[in-house]
Amino acid sequence: MKLARDTWLIFQRQAQLLLRNPVWLFVGVFQPVMYLLLFAPLLKPALNAPTQAAAYKIFVPGLLVLLAIFGGLFQGFGLIAELRAGVIERSRVTPVSRLALLLGRSLRDVVSLIAQAVIITGLAVLFDLRVFIGYLLLAYLMLALIALMTSAVSYGVALKVKSEDALAPLMNTVAQPVLLLSGILLPLTFAPGWLQGVAKWNPFSWAVDGTRALFGGDLSNDKVWQGLGIITVLAAAGVFWAARQFARSVR
Amino acid sequence: MIETRGLRKSFRSRAGRETKTVDAVRGVDLDVAEGEIFGFLGPNGAGKTTTLRMLATLIEPDGGQASIAGADLRKDPAGVRRRIGYVPQGGSTWDESTAREELVLQARLYGITKADAHRRAARALDAFQLSEYADRKCKTYSGGQRRRVEIALGIIHEPKIVFLDEPTTGLDPQSRAHMWDEIRRLRTEGMTVFITTHYLDEADALCDRIAIMDHGEVVAEGTPAELKREISGEVVLVGLDAASTPRAAELLDTEAYVSKLETVDDGGLRLYVDEGAVAIPQVLRRLDHAGLDLRSIELHRPSLDDVFLTKTGRSLRES
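In the order they appear, the protein sequences are chains A and B.
Letter by letter, the first sequence follows residues 1 to 251 in the working numbering.
Letter by letter, the second sequence follows residues 1 to 319 in the working numbering.
FYI, nobody ran anything at the bench for these hints, they're computed from the structure.
One or more of the hints may lead you astray.
[Said to hold, decoys possible] Straight line, CA to CA, 30 Å or less: simulated DSSO-like cross-link-like pairs of lysine-lysine: (1) A:Lys2 x B:Lys160; (2) B:Lys75 x A:Lys160; (3) A:Lys160 x B:Lys20; (4) B:Lys260 x B:Lys228; (5) A:Lys223 x A:Lys44; (6) B:Lys228 x A:Lys162; (7) A:Lys162 x B:Lys137; (8) A:Lys162 x B:Lys75; (9) A:Lys160 x B:Lys139.
Please model the entire structure based on the sequences and the hints provided.
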């Protein structure tokens with residue numbers, strides 16, 4: 001009860017601050033839309049897809065997972081600003097739940113990601129993408145779990161390194177191979193065997209495959225449940241670890 | 001209200017390959033009574049903030065014990081949190097939030113209901129003369145206004161004890177005087193106030209009792225007056241011409257209130273006394289009675305800096 005109440009308080013505040021400065025929504029949507037408009041048209045011939053809509057079925061889920069990964073990983077920057085302003089310390093002297101300090105923030109990130117995802121899916125629908133609504137909701141669940149994990153990890157790392165100068169290269173270094181090895185931009189079915197072998201160890205590659213299967217209307221594909229399962233476990237681990245960072249002494 | 005025994009903390013810092021252990025706080029014993037303004041005086045890096053942060057449950061002590069308003073620091077940090085307020089040194093407000101939003105949130109983090117949180121915020125804004133700016137973003141505030149918001153945040157849940165870390169650092173003299181009044185007001189409202197400062201005049205004027213800290217240890221503790229008396233008492237400088245000096249020395253040397261008497265080279269006396277204000281009229285009477293011509297009389301009171309100098313061998317202004 002206390003956890004839910006505290007989480008709601010933190011979520012409310014973070015959401016309020018986000019809405020006060022709605023530039024994020026424009027920035028958050030502008031880039032993916034550029035991908036949709038300027039990159040996706042290349043895909044139909046490249047993927048040998050029968051229609052543009054078929055190409056979107058492959059590309060849009062990858063793009064959304066990409067947003068969830070990157071959107072989450074860079075949330076730590078805001079936390080470093082809060083650390084510097086003394087806001088975190090001010091919260092830590094109150095009896096507020098430590099887990100709530102993390103969850104309230106991460107859930108804000110999840111909600112803003114889903115808002116972005118809804119807008120982008122809507123735009124893709126204008127380009128003739130068609131997805132069954134139930135499968136789409138499952139795909140959003142996958143995205144939410146990814147964002148929860150990456151934002152939690154980003155907050156945890158931010159509390160450890162306490163400096164933007166260290167956080168930026170660190171997150172970039174993590175994000176780049178994750179991105180390349182997950183088949184986000186192009187499916188890994190084109191990859192040579194060794195590359196596919198390496199990608200198997202990248203949990204995000206499973207998440208991308210699962211999300212693509214959902215967009216393709218293939219619920220019976222094992223990748224759906226495997227992807228959801230892997231990401232759920234990782235999200236729980238990420239939240240657990242990051243909440244401990246909030247509880248431990250930070251300067 | 002606060003009782004600590006042997007509180008310790010060391011930090012490991014890495015310089016290149018070498019790991020160095022810095023003993024930031026090496027065994028602090030403190031006793032702070034209810035309703036007093038207790039000051040922690042010392043140079044930067046003396047361990048004041050580290051001690052404060054341990055007492056506020058922000059960092060865990062390596063050793064020692066503390067009881068704060070009846071709650072055990074090691075066993076019941078959550079209990080300590082409910083009873084204390086803490087105002088950090090570097091600020092605690094968010095640029096984009098308003099004072100009212102900050103106060104309401106802070107109250108709610110302490111488990112206070114929404115309606116009550118709004119009532120308390122309004123009352124605090126009023127008490128700290130912030131109502132006029134209550135709904136403006138914190139980034140538009142002056143340094144003094146912002147500091148008042150931060151103190152209001154620290155006491156929104158009506159704690160028994162409030163810790164203020166360097167509450168007046170960076171404020172102009174006027175805001176500083178204003179802040180002293182606010183701090184005294186907290187005490188009249190029944191709070192025990194624990195502040196750190198590296199300003200001598202602040203410790204002297206504001207605090208009922210102080211502890212002087214240096215290199216992680218408390219080197220002296222008492223009321224400012226006690227501490228000053230303890231080192232050398234006070235000095236009365238009697239200005240006389242060279243001719244009457246020996247006779248005056250003879251007369252005053254036998255007086256009970258003079259603990260030590262020195263002759264100044266070109267005439268005059270230096271009297272070490274317990275309380276100058278009491279000694280001066282007696283000196284005047286004695287010399288007048290003997291018909292000696294007194295040129296001037298001056299009282300030199302030792303400052304807390306003299307205390308610090310005696311205890312640490314350094315002047316606080318230098319360190």
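So, going through the hints one by one against the coordinates:
no. : hint                : verdict
1   : A:Lys2 x B:Lys160   : holds (23 Å)
2   : B:Lys75 x A:Lys160  : holds (26 Å)
3   : A:Lys160 x B:Lys20  : holds (20 Å)
4   : B:Lys260 x B:Lys228 : holds (17 Å)
5   : A:Lys223 x A:Lys44  : holds (24 Å)
6   : B:Lys228 x A:Lys162 : violated (43 Å)
7   : A:Lys162 x B:Lys137 : holds (25 Å)
8   : A:Lys162 x B:Lys75  : holds (29 Å)
9   : A:Lys160 x B:Lys139 : holds (27 Å)
In terms of the numbered hints stated before, the structure departs from hint 6 and from no other.
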